[in-house]
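These protein sequences, in sequence, are chains A and B.
According to the numbering used here, the first sequence is numbered sequentially starting from 1.
According to the numbering used here, the second sequence is numbered sequentially starting from 1001.
Hints listed in this document are in silico derivations from the structure and should not be mistaken for laboratory results.
Just to be clear, a hint being listed does not mean it is correct.
[To be verified] Chain A regions said to be covered by chain B (calculated; three or more residues, Cβ under 8 Å):
#: 1; segment: 88–100
#: 2; segment: 135–147
#: 3; segment: 234–240
#: 4; segment: 282–288
#: 5; segment: 300–310
[Unchecked claim] Below, in silico cross-link-like pairs of lysine to any residue (SDA-like), each with a Cα-Cα straight-line distance of 20 Å or less:
#: 6; chain 1: A; residue 1: 240; chain 2: B; residue 2: 1038
#: 7; chain 1: B; residue 1: 1188; chain 2: B; residue 2: 1264
#: 8; chain 1: A; residue 1: 240; chain 2: A; residue 2: 335
#: 9; chain 1: B; residue 1: 1011; chain 2: A; residue 2: 335
Beta carbons are placed, not taken as given, at the ideal position from N, Cα and C, and that holds for glycine.
Given next are the chains, with one letter for each unit.
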Amino acid sequence: MNTETRREQFQPPSLLGTLLRKLHIDIPLFIGLFLTSLLSFAILYSAGSQDMDILTRQAARIGLAFLLMTVLAHIDPYQFKRYSVLLFGLGIFLLVAVLIMGQTGKGAQRWLELGFFRFQPSEMIKITTPMMIAWYLADHPLPPNVKQLFTATILIFVPTLLIAKQPDLGTALLVASSGVGVLFFAGLSWRLMLAIIAVLSSFTPIIWHYMRDYQRDRVLTFLNPETDPLGRGYHIIQSKIAIGSGGIYGKGWLGSTQSELDFLPESSTDFIFAVFAEEFGLSGCLGLLILYLLIIGRSLYIASQAQDTYSRLLASSLAFTFFVYVFVNIGMVIGILPVVGVPLPLISYGGTSIVTLLAGFGILMSIHTHKKFLPL
Amino acid sequence: MRRIYPVKDNKVENHLFLNRIVAAFIIIILLTLGLIVRLMYLQIAGHEHYASLAKDNSIKIVPLVPTRGKIYDRHGKILAENRPSYSLELIPEKIPDLNDTLSRLQKLLAIPDEKIELYQKLRKRQKRFTSTPLLLNMNNEELAKFAVARPFFPGVDIQTRLVRHYPYSDLAAHVIGYVGRINEAELKELPVAEYRGSSHVGKLGIEGSYETLLHGKTGYAEIETNVHARLLNILNEKVPDPGANLYLTLDIDLQKTAYDALGNFDGAVVAIEIKTGGVLVFASRPGFDPNPFVVGISNDDYQALQSSTNQPLFNRALRGLYPPGSTIKPFIALAGLEYDAISPQQKIFCPGYYQIPGVSHKYRDWKKGGHGSVSLNKALTESCDVYFYRLAAALGIDHMHSFLQKLGFGEKSGIDLVGGKSGLMPSREWKRDRKNQVWYPGETLITGIGQGYLQVSPLQLARATATLANRGNVVTPFLVNKIATAQTTLPGPETHQQTIPLKPDNIDAIVAAMVNVVHGAHGTAKRINQDIGYQIAGKTGTAQVLGIKQNAKYNENDIDIKFRDHALFIAFAPADDPKIAVAVVVENGGHGGSVAAPIAGQVIKQFLKANDEH
């Protein structure tokens, strides 16, 4: 870096700059998130049959989520690190509590009733798991050695299994990938990753051999839902028709016919991308993907600029998990991934995931706006 | 040894981390490109194909509903069948003004408001293009009226559907059960894919308990239709697997005999084939006609059934709980012999009452003045209460509880019907847990004569009797004998074999006394011993509904019918080679010997006569 640019950075900041620094808001990220939320309203209005009730509830949740994001952005990242273990432990405790209550009560239970709202411990654990792994790895030299990898794997397994038992495969997948994401960014060797993939895939035929016929059937319908067109496959077949009929330019806003005529209750939640693709076509889809990539790119940039190992690992993992959301949801709606319950981030109807996601971005902003050292 | 602490190398770590960020971004871009390629495949290459599919949604996946399995009795008589019936069905998508159409139809065919409401509820759960029934089981007049007016009702049509029919009506309604429209609670429980095309589900009895088997597996067809929803082409089809036919162990003729024999009384009769556990008779009176439930019973009729004081919808044989009265005595006596509390020869003196030493309260015998000197045989034959007060005091509640529990009292019978009751076999623990009270000695005494907390269902009584007749080999009752699917025939439910170790001499002593109940000169059920070439072993019982004060007299004629004693009878026959066990409960019937025993007698005689002829 030459002296000229260095001098620029020492110039007195403008009024707006001071204000933003006081707010601890990262402008590019904020704009990306805000635009996506606006898009959410537009699509929900159409997918939810122009029901204003849905919109008001979504608006309330998004408002709350942005508030939480701003609050978290004000907290020094050092505090996150300090309370990582405590928060992770609390999350595990609550997961176990929910599991036990679910068993004594009736059927599956995922939330704790807290008077005026329902709290899902599995949402909290989506953030506290990468915090915990990052905390654990940060004080050791990177890349992590075998012993650390082993401990970290167990730390990821415990919440994943607890959530998979609820059963909530989608969330379990997201928690697992948030933890594995930290390991990846901590420098888990490529060779080891390949070896793990090889070992896991070599186990598949052995497990397959020992499965009973009805279990194989279940796995097959899970992987290829179109063999069960009245059950799981119903959504996929209908959503492919909706997406394909959208073409390049789409049928226009509110022009979706498939969701009107004969769609699924999930047209506002997990399958909302099908409505979007039908109304805005391939061009709209590209636009949405670019918007998502900008958010992810900015997040990874923030991670790269972070000044301590904990912040880096946490920030990069949060960015990565956000992408997993996008990829798994769109992948399932367009029929290349099995159907697991993962919402389209920031767009699907349903509050808890939006609050968690924006809380994650709050942490990212906190990391970016609380730098201890001047840039070198 | 000196430990080596690794040191963080910031330069190496920075480099590693930045590498990973770049790698991650590349992976993310590649995966996103994958999504884009797939989207291009769907939206550019597949656009024309999918657009034509989307147009009028011309490709539909329609469920193909399997035919429900039939139910037969043990001789192949049909108990539940499917009959073609004409129904008026509407396709909302094809109807310009649904409310107007409904009100015109209502006028034309005089449809009651509640059927319109039911239809509206049903319609909201269905897709707009599915045909939803408004009227089921149309009669000829309705068919003719609609046929004439049909051109004025686009989107409304007459469909032929199979409707469940129960030819024996109220005779076996509780045990067969019935199918009815799927309600909202059931909709949440049932598997979505399997029931996408089904409107009915088994509610009670065999229909409910064997729902999955009777329903079969739903198939589907991918069909192509034109704008008017007329079928053009079937693209792909998976035929449904029809539901399995069930062959019951029930004998519907024997059931009729039992049901008719109950006459105007409320009550229940259960008969079990001892060697197998197959249930021959499972009658509960009053019954009800299940057929209106299939097509949707009117609210008034349903309310009438619900609020009727003699509860026709209640399955007394399975869920009715009664004090067993003296029918418990053979089992208590057997416990006494097994625990060596008594011997068959030992005699006691019965003055007509029993007192716990040091307590003034008199536990009275049913016979004023007493039975005099009483042996085990006489005690059972004449149903001496004092003998059993003393025996109960000697045994104690703990022994009675553990022995009677083995015979199935206080436990579910294991029958293949949902909704069975376990009744109540009291114990010290039960009273402490439930009532937070200690067990009193007086409660032991009245348990010994089948009163107090003891509660049994007719099915449990029949089962215990069958187990006794089977010499301690526990009989588990079941109803489905054979399950015939399209591919294979399977046996009914698996019953696990269990044996209570009993001394043969003890069983013989009890059976001899029970034979004396029917065939002895002083037997309480001697009126049923005519015209038979074998012996029946039985025991009468009379269960108090009303508590009688210490010195008051029970006078049948003074008491309102609903407070009269329940009459009970248990029996098995032939005594030397038992084939059938029967339990009869007649509510407010008075005496077991005069009311309940003849019913069991008729069932036993008819069954063994038919058995001989085969």
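Hints, verified against the model:
no., hint, result
1, 88–100, "violated (count 0)"
2, 135–147, "holds (count 4)"
3, 234–240, "holds (count 3)"
4, 282–288, "holds (count 3)"
5, 300–310, "holds (count 4)"
6, A:240 with B:1038, "11 Å, holds"
7, B:1188 with B:1264, "41 Å, violated"
8, A:240 with A:335, "7 Å, holds"
9, B:1011 with A:335, "44 Å, violated"
In the structure shown, a violation is registered for the earlier hints numbered 1, 7 and 9, in ascending order.
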